[in-house]
Amino acid sequence: MNVLITEYLRINLDTENYECRRCGKVLVSARENYKKGLLVYDRDPREIHKPLLDTSKYERTYSPNPQWCRILEYYCPQCGTMMEVEYVPPGHPPLHDIELDIDALKVQWKDRPEVKEVPIGPVPPRRGHHHHGHSH
Amino acid sequence: MNEPLNKKALPKEEQALLDSFLADNRLFLGPDPEVMRNHSIAPRTAREDEILKKGLDVHQVHHIRGLINAALSEAFQMVNQMGAAPGAKWGDLVTGIFTNSGDLAMIAPHGIIAFAACCFYPIKFIIKYWVDDPTVGVKDGDGFIHNDARYGGVHNTDQSMMMPLFYKGELVCWLSSTIHEGENGACEPGGMPAAAESKYDEGIKMSPFKVVENFQLKRDLVTFLQNSVRDPKLQLEDMKVKLHAVMRLRDRIVAIMDQYGKDAVMGTLRSHLEDVEVEMRRRIKELPDGTTRVNAFMDSSLRENCIQKISLALTVKGDRMILDFRGSAPQFLNRAVNTNIASFKAALATGLLQNIWPDLPHTMAVLSPIEIVSDRNSILDAEGEMPQAMSLMPLFKACVIWTIPMNKLNYSLPHRYSAVIAQQYDQAATFIYGGLTQHGDVTGNFCSDINGMGQGARSDCDGEHSISPVFGFMADSGEHEINEEDTPIIRLGAQRLAKDRIGFGKYRGGMGYEQIATMRNSNLWGFMTGCEGSMFSSAQGLFGGYSCPSYQLCKIKGINIFDELKKDPKIIDKWDMLSLMNEQPIAGGKYSTHDMGMTFELCQEGEIYMICQGSGGGYGDVLERDPQLVMKDLEEDLMSHDLARDIYKVVYDEKTLLVDEEATAALRAAYRKERIARGKPFDQFCQEWVKPEPPAALPYFGSWDNLQEIYATTAGQRIKMDSDKLQGAFMLNPKDLRIAELEAQVAALSAAKK
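One line per chain: the protein sequences are A and B, in this order. Just so you know, the first sequence maps onto residues 1 to 136 in our numbering. Just so you know, the second sequence maps onto residues 1 to 754 in our numbering.
Mixed in with the good hints, there may be bad ones.
Coverage of chain A stretches by chain B, computed from C-beta distances (three or more under 8 Å per stretch; other residues unrestricted) [unchecked claim]: (1) 5-17; (2) 52-63; (3) 70-76; (4) 82-90; (5) 97-103; (6) 109-123.
Coverage of chain B stretches by chain A, computed from C-beta distances (three or more under 8 Å per stretch; other residues unrestricted) [what the hints assert, rightly or not]: (7) 290-302; (8) 493-507; (9) 576-582.
Calculated directly from the structure, the hints in this document are not laboratory data. Here the structure is a predicted model, which means the values were calculated and not measured. Cβ atoms here follow ideal geometry from the backbone N, Cα and C, with glycine treated the same way.
Full structure from sequences and hints, please.
Listed below in structure tokens is the structure:
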């Protein structure tokens, strides 16, 4: 049984491992930080948020300052999908952002049917639109 | 307060005498921590218990709830239509109803959640201190005013009218109306002074007091308030508007009680709160047990650039949820970007109801079962003496911060209550203004563009452009014509989406729009802007989506655009910020870019100030973006070709926008291989990359690798504090620092000459 954790991560409850949802690669134990199973790259933010103003004329150009802000890109080591990005000051320790109680997760999913594709949440009603039925 | 030394237990009678003496002789009824630190609903009163034990007809409860909702909505519309404050016109207001213990039960469906979520603090203060005070008292026909966020509130621009509702002699409930009024007599016009270095620079600070008796405003007190602000007309007009909206609301609630009885109304309000709390616990229990975390890095105190970390660990265990903000930046002694914890919690409630579970009823009971932990004297739990006029900075973060960790907890659920969404742009990107209008009136306020923030991308579609403010999902962005009638601000460019400023992803964030403004027909006018995110991106992406870029303030000074246009009506080809700044079409202009935090500055006629609203965060890997969506962004002129190629790796014909699917797939596959080649295994990367402390050159506030050790730079020196003994950081005057820097340059140049 797999539990979908993010767009790109799932936990295989039988093997207790994190796996890539795109290529199935077994990444690391679900009791570890999933980032340990990924590749990391320190990206200069100016490569993504490119200067939009003439850098010869201006110091501030819509790019984050690379002395203040770096982008850590996390890739699946097998398929190269970018599973997560983290914006941090240079040298800041990466965050252990998902730490689940695997034993509790197993109990919780004991009677739940497996979810293969995540549901999309309901779209809120808008003025001027009639909504028939409800996705709940 | 410290405990007195050698405290000895007194005999019971003497202790009672002492307690009574102290209670009767309080020197100052300041903000009460017992009120301000408790965000949970009060225990049932004996009356409520009696009513609920008798049992309520759920159909009748539903019916009464609908009637109350309609009444709240009507009162909201009244304020919206009649309010004089710019904020009122665009929906920065709310009307609310509270139990007789002061718990917020319901708000107007379109209203600003946080305003109402703050009002129960002053109401609880009134109940605790004024009801039994023989010099004040609370009776039918009374109305109370309040604006100081230290007694509850988002910030001191917001003024509330709170009224007790007595029915057949019994206090049944409280009613309120709140507007973002703006001007409040602070050291800068408009009510949000980033220049405030102490709470005494913040303008008028109203603790809750009675300003209405027998349903009439007390003219002596109104005059005092008018005398304390730059816009006395606004002060009077909106006090009247709020009073009459609350009185209409009162009429409606009285009519409901005439029909169904007061027990039905009291029972409905209480059961509404209790039901919401039960539903919250049920939803929390559905989540997996565990902890998810997020850091946010704010990059400005609005006077200087500095990194302030907000650290959040969100833990679920059974039906308990704990938001732990320990490790966040310490408070500033002399900067306005602190907030008290009560305001912060109100913003958290807003975030929950706007971005996480928007289908829940808008009541403070949503936060009731959640435990919130913070370091005392941190930037989000600041002492009362700290300035907090620009508390919006941490508060806007609170509106979005738990979007990311909540999505990481609830993605797995078989059932979903709302969209999986990246962070909305969270900066107050609008012009705050002040001065003399073309009609000769003194004014100070802010523009409605604050309500145009881009929403985050979702798991199934792009984010919505300039959809709403981060704090009010239904607020409008107003008509510029109305603003131009009232103020000398002229819009040269507006509502043009800020091209290329995108939170990229499989789905991109909704984009923000540009605001290009100048002034005409005033002898004295100025602008300020109060945003962070010029060094460090603010709105975060989700699951591999990028954040928004950084944003700048651009100026063209030393020109008069109206003279230029008279000389050559075609001098400006396109009113967009990038072309104006890169092409510099107006000769002789002084073109410059700055951080988006600008304290009040005078603008001469025809000088140009430009900012834009930002993009929400992106969702998912950019390489998974459907090439057709990339082409759509090009077609809509939201993006340049180099970004389509470099970021999204799409191969296509620039003229026809026909995608070469095969070549795109091949390019993307090759790029994935590049990623694998350049990425390093996590442990190896951390060994090389992680530093033991923040870079020496970076003014850094908050924890680094240990949540109990807090870094700060105070009076120019880096220090490290234990998180349970935080002191405020004292910031040097940026002008003094600049003078010292220039003096050093002069000395170096003089030495070189010799």
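Hints, one by one, checked against the model:
1. Note: the region 5-17 of chain A has 4 residues with beta-carbon separation from chain B under 8 Å; the three-residue rule is met and the coverage holds.
2. Given a C-beta distance limit of less than 8 Å, the hint that chain B covers the region 52-63 of chain A holds, as 10 residues qualify and 3 suffice.
3. With 4 residues carrying a beta carbon less than 8 Å from a beta carbon of chain B, the region 70-76 of chain A meets the three-residue requirement, and the given coverage holds.
4. Only residues whose beta carbon comes within less than 8 Å of a beta carbon in chain B count, and the region 82-90 of chain A has 8; three or more means the coverage holds.
5. Residue count for the region 97-103 of chain A with a Cβ under 8 Å from a Cβ of chain B: 5. That meets the three needed, and the coverage hint holds.
6. Chain B is given as covering the region 109-123 of chain A, and this holds because 9 residues of the stretch bring a CB closer than 8 Å to a CB of that chain, at least three being needed.
7. With a threshold of 8 Å between beta carbons, the proposed coverage of the region 290-302 of chain B by chain A holds, since 8 of its residues qualify and at least three are required.
8. Check result for the region 493-507 of chain B against chain A: holds, 4 residues qualifying (beta carbon to beta carbon below 8 Å, three or more required).
9. For a cut-off of 8 Å, the count of residues in the region 576-582 of chain B with a CB near a CB of chain A stands at 3, and the three-residue condition holds.
In terms of the numbered hints stated before, the structure departs from none.
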